Amino acid sequence: MSFIEKMLKIDRRIIFLLIALAVIIPMLLNLVFVVRPSPIVQTIFDKVDGLPDGSKVLLSFDYGPATVPENRPMAESLLRHCMIKGHRTYIMAVWATGEAEANISIGRVIRTEFPDKVYGSDYIQLGYKAGNQGLINAIFTDFKGMYTTDAAGVDINSFPMMADVNALPDFDLILAVCSGKPGLKEWVQFAGDRGDIPVAGGVTAVEAPLLYPYYPKQLLGLMGGLQGAAEYEAALVNEYPEYRASSMTAVKLMGPQTVAHLVIIFFVIIGNVAFFIQQRREKRARRE
Amino acid sequence: MGFTDYFVLWVGGLLTLMIFSFLYKDNPFYKFAEHLFVGVSAAYWMTVAFWTTLVPNMLGYLYPPILRWFATSRAEGEVVVNVLYQLPWYDRWLRLIPLILGLMMLTRLVPKAAWMSRWAMAFIIGFAAGTNLTRYLQSDFVAQIKATLVPLIVFDQGGFSLGGTLTNIVIVGGVLSALVYFFFAKEHKGWFGGTARVGIWVLMIAFGAAFGYTVMARISLLIGRMNFLGQWLQSIF
Numbered sequence: 001m002s003f004i005e006k007m008l009k010i011d012r013r014i015i016f017l018l019i020a021l022a023v024i025i026p027m028l029l030n031l032v033f034v035v036r037p038s039p040i041v042q043t044i045f046d047k048v049d050g051l052p053d054g055s056k057v058l059l060s061f062d063y064g065p066a067t068v069p070e071n072r073p074m075a076e077s078l079l080r081h082c083m084i085k086g087h088r089t090y091i092m093a094v095w096a097t098g099e100a101e102a103n104i105s106i107g108r109v110i111r112t113e114f115p116d117k118v119y120g121s122d123y124i125q126l127g128y129k130a131g132n133q134g135l136i137n138a139i140f141t142d143f144k145g146m147y148t149t150d151a152a153g154v155d156i157n158s159f160p161m162m163a164d165v166n167a168l169p170d171f172d173l174i175l176a177v178c179s180g181k182p183g184l185k186e187w188v189q190f191a192g193d194r195g196d197i198p199v200a201g202g203v204t205a206v207e208a209p210l211l212y213p214y215y216p217k218q219l220l221g222l223m224g225g226l227q228g229a230a231e232y233e234a235a236l237v238n239e240y241p242e243y244r245a246s247s248m249t250a251v252k253l254m255g256p257q258t259v260a261h262l263v264i265i266f267f268v269i270i271g272n273v274a275f276f277i278q279q280r281r282e283k284r285a286r287r288e
Numbered sequence: 001m002g003f004t005d006y007f008v009l010w011v012g013g014l015l016t017l018m019i020f021s022f023l024y025k026d027n028p029f030y031k032f033a034e035h036l037f038v039g040v041s042a043a044y045w046m047t048v049a050f051w052t053t054l055v056p057n058m059l060g061y062l063y064p065p066i067l068r069w070f071a072t073s074r075a076e077g078e079v080v081v082n083v084l085y086q087l088p089w090y091d092r093w094l095r096l097i098p099l100i101l102g103l104m105m106l107t108r109l110v111p112k113a114a115w116m117s118r119w120a121m122a123f124i125i126g127f128a129a130g131t132n133l134t135r136y137l138q139s140d141f142v143a144q145i146k147a148t149l150v151p152l153i154v155f156d157q158g159g160f161s162l163g164g165t166l167t168n169i170v171i172v173g174g175v176l177s178a179l180v181y182f183f184f185a186k187e188h189k190g191w192f193g194g195t196a197r198v199g200i201w202v203l204m205i206a207f208g209a210a211f212g213y214t215v216m217a218r219i220s221l222l223i224g225r226m227n228f229l230g231q232w233l234q235s236i237f
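Each protein sequence line maps, in turn, to chains A and B.
For the first sequence, the numbering used here begins at 1 and goes up steadily by one.
For the second sequence, the numbering used here begins at 1 and goes up steadily by one.
Derived from the structure by calculation, the hints contain no laboratory data.
Errors might be hidden in some of the hints.
Calculated lysine-lysine pairs in the DSSO-like style (CA-CA distance at most 30 Å, straight line) [as the list claims (entries may be wrong)]: (1) B:Lys186 <-> A:Lys181; (2) A:Lys6 <-> A:Lys144; (3) A:Lys181 <-> B:Lys31; (4) A:Lys117 <-> A:Lys47; (5) A:Lys47 <-> B:Lys25; (6) B:Lys146 <-> A:Lys9; (7) A:Lys252 <-> A:Lys181; (8) B:Lys25 <-> A:Lys9; (9) A:Lys9 <-> A:Lys56; (10) A:Lys144 <-> A:Lys181; (11) B:Lys146 <-> B:Lys186; (12) A:Lys47 <-> A:Lys144; (13) A:Lys47 <-> A:Lys85; (14) A:Lys283 <-> A:Lys252; (15) A:Lys283 <-> A:Lys6; (16) A:Lys117 <-> A:Lys144; (17) A:Lys85 <-> A:Lys283; (18) A:Lys217 <-> B:Lys146; (19) B:Lys25 <-> A:Lys6; (20) A:Lys47 <-> A:Lys283; (21) A:Lys117 <-> A:Lys56.
A few chain B residues that don't get close to chain A, going by computed Cβ distances all over 12 Å [to be verified]: (22) Leu84; (23) Leu96; (24) Gln144; (25) Ser161; (26) Phe207; (27) Ser235.
Covered, in the sense of this in silico footprint (three residues per stretch, anywhere, with C-beta under 8 Å from a C-beta of chain A), are these stretches of chain B [unchecked claim]: (28) 98–112; (29) 211–221.
No experiment lies behind these values; they were computed from the predicted model shown.
Ideal Cβ positions, reconstructed from N, Cα and C, are used throughout, including at glycine.
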């Protein structure tokens, strides 16, 4: 059996093993590559950074445990950036699993790195409400009609930061970290376009190609997958190097990601070359 | 790390290995993990639907005191119940309509009365179509056409911008050629066929980009799991 034939009949388990090694070895070696923010991510950073202190930012956690490796670094970078800039951050979820994810990130970012931030004045956890895009549609005109209490069941009117929030257009920026439907697309359709409110955020890599058509006119910026998260972290660390220790989650994971991609590219090229050589040989054999 | 954390880590670690074992071949451990996931998911979403939809959006409105039983504290229960009692009567009793429609959906379980579920289904479809139609038309049709109406020669900061010009030509050319490919009223021959062929290339490049992103997503998830397994192993050794 020639090398070409061997390549075309390679056992898929060998490929799985090589991919596993391509992920494990760089992790063990702590392989980290330099990540530079692309314009589509930098615009989100610039917008969050450029808003005056105390601006009202809505941050929606619309993902679940299945996509944590991609979505959590994005969400925590955005949350960290909002806290650094002193924005009033309103945390909510259109996904049922998002509320638990938001609680984890609040614990990891706000309570750990910004213990002086006051609940109800600097940030609030509004939690999950059922309704999908219907919820976005409803809070566009009547925010407090849907959110009568925060996630813990405390009367919404008892929080100082809710005093001047009555509808979505009251927010200066909407950020959403999403992994499906309803997600960033619905935020663009039902909030951003409708009220001319700046919308930006991050999505899983699978979702990203579906969101690109909205950039830059309908979507301010987009973080696509782990790469997008790493770019935002890089932008954050460039501007605020004191947060380097806590803001490198995605950047560190890009090492194994890059090596795994190289292995996949190698097999795609080998597979295609072998296929075309085999095809040419078969044609020649038929002629003879 | 407490007992609960260890327990969660061990359950997660073992289940991850069980699922990964499918990469070698199908086996009873994989089947067990798969069935466990299906069962837990079904129960989880049923519970979520009960607590986040049925209780706060329907039962609570129809009979507010019920929320006292479900509140995390007496004070919280009182606040919510008082808010609901202050609502006008029609705001609360209008919830009977979704209750009736919901019960009609359940008639699918009785073959002779199953036709009633169509009315509830028609309501859902009508509502979804009505709500989504305007937003999709605005955001995915009108706004996307506007976004494609871009100048083919771009001047930036007083000078000619080659990058901007090329970008806009690719956007406009790509959209038009892809649209031509999906235009079947005229035979794809001559210049029209050539444009359609360019359209195919544009679509192929888009599919390739989407596939690349999908690969990136799957590898990211694999890295996440490997990270978790690393934490698990660290807790053991």
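Q: Would you pick out the hints that fail for this structure and give their numbers low to high?
A: 1, 2, 5, 6, 9, 14, 17, 20, 22, 24, 26, 28
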